[in-house]
Structure formats: C-alpha cells, structure tokens
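Residues per chain are reported as follows:
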Amino acid sequence: MNKSTIINRIILIVLFLIVCFFIASYLFPNDKEKIKKQFANLASAVSIIPGEKPIQIGLKMTTMPELFDNPCEIEATHEWINGSYTPQEISSQIMRAKMNFKSLSLTFYDISIELRDDFAVVNFTARLTATKKDNKSIEEVREVKADLRRKEKKWVFTKFAVVETLKK
Amino acid sequence: MKLKGIVKNFFLPKLDTKYLIRLLAIVILSYIIFKYFLIPMKIHGESMEPTYKNGSFNFCRTFLCGKFKKGDIVAIKLAGSRIMYLKRIVATEGDTVEFKNGTLFINSIPQKEQYVKYPCSWNLNARFVENGNVYVIGDNRSMPIESHLFGQVELSKIAGKPLW
Numbered sequence: 004m005n006k007s008t009i010i011n012r013i014i015l016i017v018l019f020l021i022v023c024f025f026i027a028s029y030l031f032p033n034d035k036e037k038i039k040k041q042f043a044n045l046a047s048a049v050s051i052i053p054g055e056k057p058i059q060i061g062l063k064m065t066t067m068p069e070l071f072d073n074p075c076e077i078e079a080t081h082e083w084i085n086g087s088y089t090p091q092e093i094s095s096q097i098m099r100a101k102m103n104f105k106s107l108s109l110t111f112y113d114i115s116i117e118l119r120d121d122f123a124v125v126n127f128t129a130r131l132t133a134t135k136k137d138n139k140s141i142e143e144v145r146e147v148k149a150d151l152r153r154k155e156k157k158w159v160f161t162k163f164a165v166v167e168t169l170k171k
Numbered sequence: 192m193k194l195k196g197i198v199k200n201f202f203l204p205k206l207d208t209k210y211l212i213r214l215l216a217i218v219i220l221s222y223i224i225f226k227y228f229l230i231p232m233k234i235h236g237e238s239m240e241p242t243y244k245n246g247s248f249n250f251c252r253t254f255l256c257g258k259f260k261k262g263d264i265v266a267i268k269l270a271g272s273r274i275m276y277l278k279r280i281v282a283t284e285g286d287t288v289e290f291k292n293g294t295l296f297i298n299s300i301p302q303k304e305q306y307v308k309y310p311c312s313w314n315l316n317a318r319f320v321e322n323g324n325v326y327v328i329g330d331n332r333s334m335p336i337e338s339h340l341f342g343q344v345e346l347s348k349i350a351g352k353p354l355w
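Each protein sequence line maps, in turn, to chains E and C. Whatever position you read off the first sequence (first residue = 1), add 3 for the working numbering. Whatever position you read off the second sequence (first residue = 1), add 191 for the working numbering.
Hints were generated in silico from the structure; no laboratory data involved. Being a predicted model, the structure only gives us computed values, none of them experimental. We treat Cβ as the ideally placed atom computed from N, Cα and C, and that holds for glycine. Where hints are given, some of them may not hold.
[What the hints assert, rightly or not] Sample of chain E residues facing chain C (criterion: CB under 10 Å; computed from the structure): (1) PHE19; (2) GLU55; (3) ARG130.
[To be verified] Derived DSBU-like pairs (lysine-lysine); straight-line CA-CA distance at most 35 Å: (4) E:LYS171 / E:LYS148; (5) E:LYS170 / C:LYS193; (6) C:LYS244 / E:LYS135; (7) C:LYS233 / C:LYS193; (8) E:LYS56 / C:LYS260.
Chain C on its own, in the form it takes in the complex (with noise of 0.2 Å):
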C-alpha cells in the first residue's frame, strides 16, 4: 500500500507549490549544464569519418580538457557555441605543417596516423602555426584539399572535446 503511494507519488505528483519550485530547480540546472558544461551535437558531415559518422550525436565536454595536444578531437565554435567545427588537432604552435602525396609532416617528420582510413592524395607546402594556434584536420581525407575546412585557429575558439 505504501509502495503503490510512493510509485503513484513519483508518476503524478501533486501540482504544489514545492513540485513547481522542483520543476523550476531542474528546468534551470539543465539550462546550465547542457549551455555551458555538455553542450549537446548532433554531427554533421563526413569530414570526421570514420571517427565520427554523419548524424550520429554526442557531447561538447567544455570542463577539464587540461592542455590541447596533437591527436585530441576538438570542437572549435565560429560566432558562438550553436554550430561548431569538429576537427583533429595535428600540429600546435611552433610546429611546420606540409602534406606530400597524402603523407602528413610535422616538422618535416613523417606522420602515422591510424585515425586516417581512407586513401588521401593531398599536397600542401609547408606552413608555420603561429603562437597560441593548433592546427586542425579532419580524419576523412578522401575529398579534394580545397573542398576540405582545415587549417590553424586560435585556441580561444577551441570549445572543447567530444565526450566519447
């Protein structure tokens, strides 16, 4: 009897003044949480692939990132946080970027990168990232370079990381 009023209490709750204050508690914290903690997004595109499909949804985690480094997927915001890019950080400031018959170089070193799966012809000359830049590509390199958003960007644009 106890129980059928505990269950009948959670499912329909008296529409008093402390269930609206809850309700507005909750409706509040969610606001917070999901604008500026786990941004919500919903992907898409095939420039991530085949790390992340097109369609697919996750989370933009803008808390304990700690320092951005090479091989970090990041979400990086234009004129705010409602549309973003999601790109792989492959090189940070200082460092020379080049791409030669597909083959990505990092200080004229050679890269192997496992995340790239599809074949990739491009050829870039090499390009100096500037102080507090990353640089960025996405891991599907199948598409021409010029119809590819890549390049260095500033690491106050960088909102964060997906959550998985």
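Only chain E is shown next, with the shape it has when bound in the complex (with noise of 0.2 Å):
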C-alpha cells in the first residue's frame, strides 16, 4: 500500500467518525443539546411564520405552557414586567402579544450553559425582529440569563433576566 492509499483511508476513516458522531448526537441528545431544543422550541412558539394555519398557531398555544416552571420569574428593566407568572400565564400574555403583529421573529445567539445537576445557566443573546400591523418595523436585542431545572425529565424555564449591558 502506499503513502497516498493509507492517507486517502484515513481521511475517510476521520469522515465517517465525524458523520457516526452526529447520527449518535441526533439519536442520543446531551442535557446541553436537550437545553438546546427548549430554546428552539421558545423561539419557534413565540415567533410568527408567514403563512402559517390557524391550527398551528392553536398547537402552539396548547404546548407552550409545557416550556415553563410553575411560577416562572421574569426580571427585565421595565418594572411592569417584573413577578413571577403562570406558564398559562405566560403563555396567554405572548399569545396576546403576538396579536398586535404582522410578523414576528426571535431568535438565540451565544448560547452558553452552565449545567448544576439538575439546574441549568444560560447566558444568551436574544434578537427580536418584528413588523407591527401598521408596518412599523421593531428590532430589540438583549442579553438574557435564564434558569432552568430538570422537571420529569423536561428542562423547563424557571426565570428570565435582563442582563444590563449598558447602564444609563
């Protein structure tokens, strides 16, 4: 065998490593990846598809109480905001939300967890891009820290806080 053989092998041996551990991720989550999916899950019930049916928007709302503890705190820089809330509670105030607009979407960057056994950090940034039903555009972006905790073998979200990046 020759040189050019035996690096061609490697290579492939190197490729199907890669693809076996991607089928074994997918197949086989981490609690970072289960974490992961959560955020995913947040992202996709919140945002608004063009397009999308009635019945799906109905889905939503019947599985979106299930993301969040029972209470679920929320710390942001408006004072009204602030308390600890339902997941019905929370889910019902987004759904009311989303009313006002024409499209919405939200989306997680930087996210890094910091997993304490059946507790979860989570240090972010959250994008919120949205077009208002009088075609005002509105684009927020925000440093969020979220706890989670591990309940039945679902992460669910316990608190949302505003991290102050910038302080008047």
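Since each chain sits alone in its own frame, please combine them into the complex, following the hints.
Laid out in structure tokens, this is it:
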C-alpha cells in the first residue's frame, strides 16, 4: 500500500467517525442539546411564521405552557413586567402580544450553558425582529440569563432575567 | 503551453491529497481569523448614523486596539460576539456625563461633537463613570432618549474596533 492510499483511508475513517458522531448526538442528545432544543421550541412558539395556519397557531398555544415551570419568574428593566407567572399566564400574554404583529421572529445567539445537576444557568443573546400591524418595524437585542430545571425528564424555564449591558 | 498548464492547474486543480490538505489548512486558518481577529459584522439599526449606515458591512478588529479612549468607536459584546452593539466612547472612568438640551457635558464641560449631525434635545442628570468602565453613546441622537441604548459598560465587554 502506498502513502497516498493510506492518507486517503485515514481521511475516509475520520469522515466516517464525524458522521457517526452527528448521528449519535441526534439520536441520544445530552442535557446541553436538550436545553438548546427547548430554546428552539421557545423561539418557534413565539415567532409568527408567514402563512402559518390557525391550526398550527392553536397547537403552539396548547404546547407553549409545557416550556415553563410553575411559577416562572421574569426580571426585566421595565418594572411593570417583573414578577412570577404561571405557564398559562406567560403563554396567554405572549399570544396576546403576538396579535399586534404581522410578522415576528425571535432568535437566540451565543447560548452558553452551565449545568449544575438538575439545574442549568444559560446566558444568551435574544434578538427580536417584528413588523407591527401598522407596518412599523421593531428590532430589539438583549443579553438574557435564564434558569432552567429538570422536571420529569424535561428541561423547563424557571427564570428569565435581562442583563443590563449598558447602564444609563 | 506552460502558462496554459499553470492556469488550468490553478482553476481546475487535481483533487489529490496535497490539494485536500491545502484546502483544509485554508478553511481552518479562515475560521480562526474571522472568528477571533476580524469578526465580520453587518450593521443593523440607525443608532450610529450618519457615521455607519443601517445595512452596511464591516469587520470588528480585535487586535492592536491599544487603550480605549474618548472618541473611539467600539463593538460591545453581549452574551458573545455574534451580536454586538456599535457605539462611541464619550467618557472614561472617573468622568461625569450629563446632557443639557441635547449638549453633552463631560466633567461639566460642554463637548463639541463633530460626528453628531442630527438635532438632539436630550436631558440627563449627571452620572459618574465607575472604574473599569467607559460611557458609550450612538452618534444618532435624533430619537427620544428612552429609545436609544447607551450607558456605561465594562471594558471587558468591548470586543474591538471597526476596521474602517
């Protein structure tokens, strides 16, 4: 066997191992991947996808409370929003707020997860882009810290706190 | 004939091991450069207008930034560097910052800010910039003070400066 064939075989083995790793992490997600999945579920629940059918919106409404703990605490710079809420209260507030928008997209970036047994502290950047019914555009970006806890094999949000990066 | 061969090799190289290694090296090097040293950024929003237009493109230079001083434009990290704020430093640690009828006062001295082109009517009580912090504001102050994100930020949150 010449040198080139050996290198080609090594490349093939490395590629095969990478593919195996991705298949394994998809089939058997670890806690960090499960938490990231909850963030994707939250983003999907809050966002308004153009052309979304009423049945899909209804389905989101019924599954959304499963994302939050009872109670779930919210700490933001606007005092009127601060407090503890039930999962149903949060879901109905989100649905009510969504009624004011034509399109809405919530995306999470730079998600860093710190696991402590059955608890997790997650730091991330949230970006909300939306168009109101009067065609006014909104774009908000905030650093947020979220706490989650494991509840019956699922991770649920227990707290959201907006980090004040710029202090007026 | 020789030139034709060089051109052909350049545009249609042979997919051999050497080529794959070269390609891998370029991919890894590009990843390191654009992840840690020259972070590409698309500017969203109007808070730095007219200096930086909404929708324009730039790079955040994270090296050879020196000590940050008044007048510098900086990119500020949030949870990471995928989304950052772009603002101008107007005061450093130990200074007091104040607005009176749209004029910025640093240590009670009114500032001439050539880069502010739009009218401003902000009023803000004096605040002290703590140690290890700088005070940043956008160049566009035509909006109400409540809807403009500005304030003091820790130096550790500054990722770098825009390349141009």
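- Should the hint that GLU55 (chain E) touches chain C count as held when the rule is a Cβ pair under 10 Å? violated, 25 Å
- Item | Pair hint LYS171 (chain E) and LYS148 (chain E), alpha-carbon separation not exceeding 35 Å | holds, 20 Å
- Is the hinted pair LYS233 (chain C) and LYS193 (chain C) satisfied, with a Cα-Cα distance of at most 35 Å? violated, 43 Å
- Query: Taken at face value, is the distance from the CA of LYS260 (chain C) to the CA of LYS56 (chain E) at most 35 Å?
  - Reply: Violated: LYS56 (chain E) and LYS260 (chain C) sit about 53 Å apart, past 35 Å.
- Message: What's the verdict on LYS170 (chain E) and LYS193 (chain C), does the C-alpha distance respect the 35 Å limit or exceed it?
- Response: Between LYS170 (chain E) and LYS193 (chain C) the Cα gap is close to 65 Å, so the pair fails against 35 Å, i.e. violated.
- Taking the closest Cβ pair, is PHE19 (chain E) under 10 Å from chain C? violated, 16 Å
- Are ARG130 (chain E) and chain C close enough, Cβ to Cβ, to be under 10 Å, as the hint says? This interface hint holds because 6 Å falls under the 10 Å limit.
- Verify the proposed pairing of LYS244 (chain C) with LYS135 (chain E), using a straight-line Cα cut of 35 Å. holds, 23 Å
In summary, the numbered hints that this structure violates are 1, 2, 5, 7, 8.
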